[in-house]
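> What follows is each chain in one-letter form.
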Amino acid sequence: MKSPRALVPIVIGLLLLGGWEWFVRSGRVDDVLVPAPTQIGEWFWSALRDGSLASATWVTMRRLMLGFIIGAAIGIPVGALCARSSLARDTIGIMSLGLQTLPSVCWVPVAIIAFGQNEAAVLFVVVMGTVWAVVIAVQESVLSVQPLYLRAAMTMGSRGWHLWLRVIFPAALPGVISGLKQGWAFAWRSLMAAEIFVVILSGFGLGSLLHAGRELLRMDQVVGVMLVVVGVGLLADLIFFSPIERWLRRSRGLER
Amino acid sequence: MPAHPSSESNSQLTLRNVTKRFNGRSGLVTAVEDISLQVKEGEFLVLVGPSGCGKSTLLSLLAGLEQVDEGSIKLDGANVVEPGRDRLVMFQQDALFPWLDALENVLFGLRLKPGLTDAERTEAARYYLDLVGLADKEKAHPHELSGGMRQRVALARSLAPNPRVLLMDEPFSALDALTRDQLYGDIQKIFTQRKKTIVLVTHNIREAVCLGDRVVLLSPNPGRIRQVFNIDLPRPRRINDPALATLAADITTALSAHLAEPKEGLV
Ligand SMILES: Nc1ncnc2c1ncn2[C@@H]1O[C@H](COP(=O)(O)OP(=O)(O)OP(=O)(O)O)[C@@H](O)[C@H]1O
Ligand SMILES: [Mg+2]
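Line by line, the protein sequences give chains L and F.
Quick note on the numbering used here: the first sequence kicks off at 265 and runs consecutively.
Quick note on the numbering used here: the second sequence kicks off at 78 and runs consecutively.
Incorrect hints may have been included.
Claimed, not checked - Taking lysine to aspartate or glutamate pairs in the DMTMM-like style, the calculated list, with each CA pair at most 25 angstroms apart, reads:
1) F/Lys272 <-> F/Asp318
2) F/Lys216 <-> L/Glu519
3) F/Lys216 <-> L/Glu509
Derived by calculation from the structure, the hints in this document are not laboratory data.
Note that the structure is a prediction, hence the values are computed from the model and not measured.
Extracted from the complex, chain L is given alone in its bound form:
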């Protein structure tokens, strides 16, 4: 069962690429506007060889990780606070709900005015993109922890920090993880927005590479970088979030 299922997307993908290649080579479109897969491949290969792709990816990943970790480190305790206190929920909680719907590009002008064209501005945009989604997810999943678990734990003498760490947090973990996943997706989007709009001298990320491709009218570079961006997002999901979610589902018998 396993190999045919893995083969299907590969075969279909290869067919599509072949069709695309043939279409561009047949001269029906201008290959400056629509580069053929082999042209993108050539750019990819040269960018790999001169190291520009690796260094851009590294710069971007570092910003993403840092911004995501800061966003989660703020979002988790603030979300827990919102679940605990109705005052926090009515203030920070409602504010988070509103700001969560704000497209993260909107933070770019704020960041540039407040910090200037620098690393801090990029980080600010990523953190703003992450934190609200995490706050909302943590608040909601803590609020929906079954009261029966709390009652049982309390009669066994669990209170305060013990109750939070040993009962509330494990019970809310599935919701927290999906909130982090959402926060990660938002962080990724906002980082691309920031890198495209905030032109920094130091640190040339994937977004800047994309931007440079546009200025040079290099469609092969633009499409190539876009593919790398998709690949990074997919990889993060495959090697980080999916295994955690699978483990959570399996250990609690939620697997279908």
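Starting from the known structure of chain L, fit chain F with the ligands onto it as the hints suggest.
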């Protein structure tokens, strides 16, 4: 017939004119009304009564998980206002933590008990898992256990920390007859050896007579005490004992007479 004549001084749990109302979706419900009861140290009290007569509510009040609207509940003279490790509850629905395996579930309460080494805690947890016949399931998570097995783990979890007062809400309802009969013996042994105070809820009159020093019959709408039966049979009692069966039949008859129409689940 009245309860054991007892002065309040040596009685451990004292309920005086306890009333509890819930403001639910279907309006104001008086779950229990004007309940006065004394449970002595080392007494085995059984609550019986039709569904919805406030048995679980009464246990929650004793546990300190809910607050009385009127009256008072005292433990050793002090008002019960919050849950405490001295009063463990085994809930009607199994409240096992799905993120822990069976052994860790049993260890949860033991870990919160001071003055034990980790080895002693693990040993105690294993002992009680073995007692309920689940020694080979210690690594299983709740979803990998059957309903009856989960109930047995919950039973082990409530027994393991050895609380002074044990509040049990239909602890044996999901068990097969064989396991149940064995546990009747074990509970009585623990009860007499460890000098515990137990308040147990059941729908099974025979079980009530087999286990209880006193059986309190409640009636619904609102939940009130209808009658209290003293059970003076010698321990250990066996569920198949004919004397026990006769007494259970008497109580069932009395119960049917009390309730205009006998409610289901009370035989
Ligand atoms: N949290 C609550 N909110 C509203 N009403 C409640 C609540 N808890 C209990 N009640 C009501 O109080 C009454 C007593 O409920 P309780 O659970 O104590 O019954 P019980 O004797 O344990 O019944 P059973 O034998 O079916 O378990 C019922 O009418 C129930 O609807
Ligand atoms: Mg009940």
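> Take the hints in turn and mark each one as holding or not.
Right, here's what the structure says about each hint:
The suggested pairing of F/Lys272 with F/Asp318 holds, with an alpha-carbon distance near 24 angstroms, which does not exceed 25 angstroms. Taking the CA atoms of F/Lys216 and L/Glu519, the gap is near 18 angstroms; set against the 25 angstroms cutoff, the hint holds. Of the supplied pair hints, the one linking F/Lys216 and L/Glu509 holds, its CA atoms being roughly 21 angstroms apart against a limit of 25 angstroms.
The structure fails none of the hints (numbered hints given earlier).
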